[in-house]
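Q: For reference, the chains in residue letters:
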Amino acid sequence: MATPASPPMSMPSPDLRPSRGTADERRAAFREGVRDYLPMLPALIAWGLVTGVALVQSGLTLAQAIGFSVTAFAASAQLATLPLIVGGVPLTVIVLTALMMNLRFVIYSAALKGSLQHVPFGRRMWYGYLTGDMGVVLYLKRMQRDPGWAARDAYFHGVATVNFAVWHVSSLAGIFAAAWIPRDWGLEFAGTVALIALLVPLCTRLPGAVATAIAATIGWATLHWPARLGLVVAIVAGIAAAVLVDRWRERRAAGPRR
Amino acid sequence: MSAALDPQVLWTWAAILGVAATTVITRCSFLALGERAKLPPVVERGLRYAPAAALAALVVPDVLSWDGATRLALDNPKLVGAAVAIAVFLPTRSMLATIAAGMAGYTVVRLWF
Numbered sequence: 001m002a003t004p005a006s007p008p009m010s011m012p013s014p015d016l017r018p019s020r021g022t023a024d025e026r027r028a029a030f031r032e033g034v035r036d037y038l039p040m041l042p043a044l045i046a047w048g049l050v051t052g053v054a055l056v057q058s059g060l061t062l063a064q065a066i067g068f069s070v071t072a073f074a075a076s077a078q079l080a081t082l083p084l085i086v087g088g089v090p091l092t093v094i095v096l097t098a099l100m101m102n103l104r105f106v107i108y109s110a111a112l113k114g115s116l117q118h119v120p121f122g123r124r125m126w127y128g129y130l131t132g133d134m135g136v137v138l139y140l141k142r143m144q145r146d147p148g149w150a151a152r153d154a155y156f157h158g159v160a161t162v163n164f165a166v167w168h169v170s171s172l173a174g175i176f177a178a179a180w181i182p183r184d185w186g187l188e189f190a191g192t193v194a195l196i197a198l199l200v201p202l203c204t205r206l207p208g209a210v211a212t213a214i215a216a217t218i219g220w221a222t223l224h225w226p227a228r229l230g231l232v233v234a235i236v237a238g239i240a241a242a243v244l245v246d247r248w249r250e251r252r253a254a255g256p257r258r
Numbered sequence: 259m260s261a262a263l264d265p266q267v268l269w270t271w272a273a274i275l276g277v278a279a280t281t282v283i284t285r286c287s288f289l290a291l292g293e294r295a296k297l298p299p300v301v302e303r304g305l306r307y308a309p310a311a312a313l314a315a316l317v318v319p320d321v322l323s324w325d326g327a328t329r330l331a332l333d334n335p336k337l338v339g340a341a342v343a344i345a346v347f348l349p350t351r352s353m354l355a356t357i358a359a360g361m362a363g364y365t366v367v368r369l370w371f
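From first to last, the protein sequence lines are chains S and B.
With the numbering used here as the guide, the letters of the first sequence map in order to residues 1 to 258.
With the numbering used here as the guide, the letters of the second sequence map in order to residues 259 to 371.
Please keep in mind that the hints were generated in silico from the structure rather than gathered at the bench.
Watch out, some of these pointers could steer you wrong.
[Unchecked claim] Subject to a maximum C-alpha distance of 35 Å in a straight line, what follows is the list of computed DSBU-like cross-link-like pairs (lysine-lysine):
(1) S:141 with S:113
(2) B:296 with S:113
(3) S:141 with B:296
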């Protein structure tokens, strides 16, 4: 089979993947991603500090708090599982709860797949690990404006890198600051408040509100079940109820019944 | 050395790594699977509501209880803190202001009663 025309000297190996832009274009795209993220920094820093403080004040050792923050890199999943870990709930319940908190990333991952498929595998996995809520929103918004942008993955990398760096610095700062803060201030409650700020916007539409009501009620009613197994039941019931409401609304919107 | 081998300590590390594994698996899922993988619509819809359900199942029972029992009264610091936080979040949408207000409500009740 005929090989394509021999590549110019500057290309070390023939690569059939689409171009990811010149070095200059990639640097500019990375910087643009960094710049676009800057307005989000105050909230990110507050969130990181609170998570760091909560990890230590809930009773993890310094090493555990650092290890948790660095490996899990997931504020809401960390804060959600923290009381479960400290309370000695079975591992399965802890991991299932973390999975529920992280499931939204499966959707993000599906949304990113199309435009990042040309990135080499190892780098793609690194981008995946770096994925955060705000970064995905910024990237997808930028993509709408310019879908064919060759250096788009460098933009994603820029957004994700600021998020990663600032998150870890503020979370570690919170972990070390926690030692100086008296335990009875109850600062771990700040973690709960941060989760409330995430939950409220999810309740503004009907399916989310139903998921919240059902999951909260069952979660409360099953508090005394062994091993917090009621947590898993509550989450699954909440999701199922939201899906049912969603489908019912869709059917109703589709037109009058025959 | 005995501290490192303490079953309680090992267990905590296992839990931490378990949570970390869910981060890697969910974030890399579709980026790793390649071209053919696709989510059935009903699953995608369900995934969308998972965070709300998980947050509600965790946060609401936590806020309603104080000293190990359900306490629907104004002397429950977490309940008051949560109410103040929501009241501030709705108009401002600011994470910073919400955390400050929630902690303020919590602290006032904690010191008062």
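Q: Hint by hint, say whether it matches the structure.
A: Against the structure, the hints come out as follows:
| no. | hint | in the structure |
| --- | --- | --- |
| 1 | S:141 with S:113 | holds, 15 Å |
| 2 | B:296 with S:113 | holds, 10 Å |
| 3 | S:141 with B:296 | holds, 22 Å |
The structure meets every hint from the earlier list without exception.
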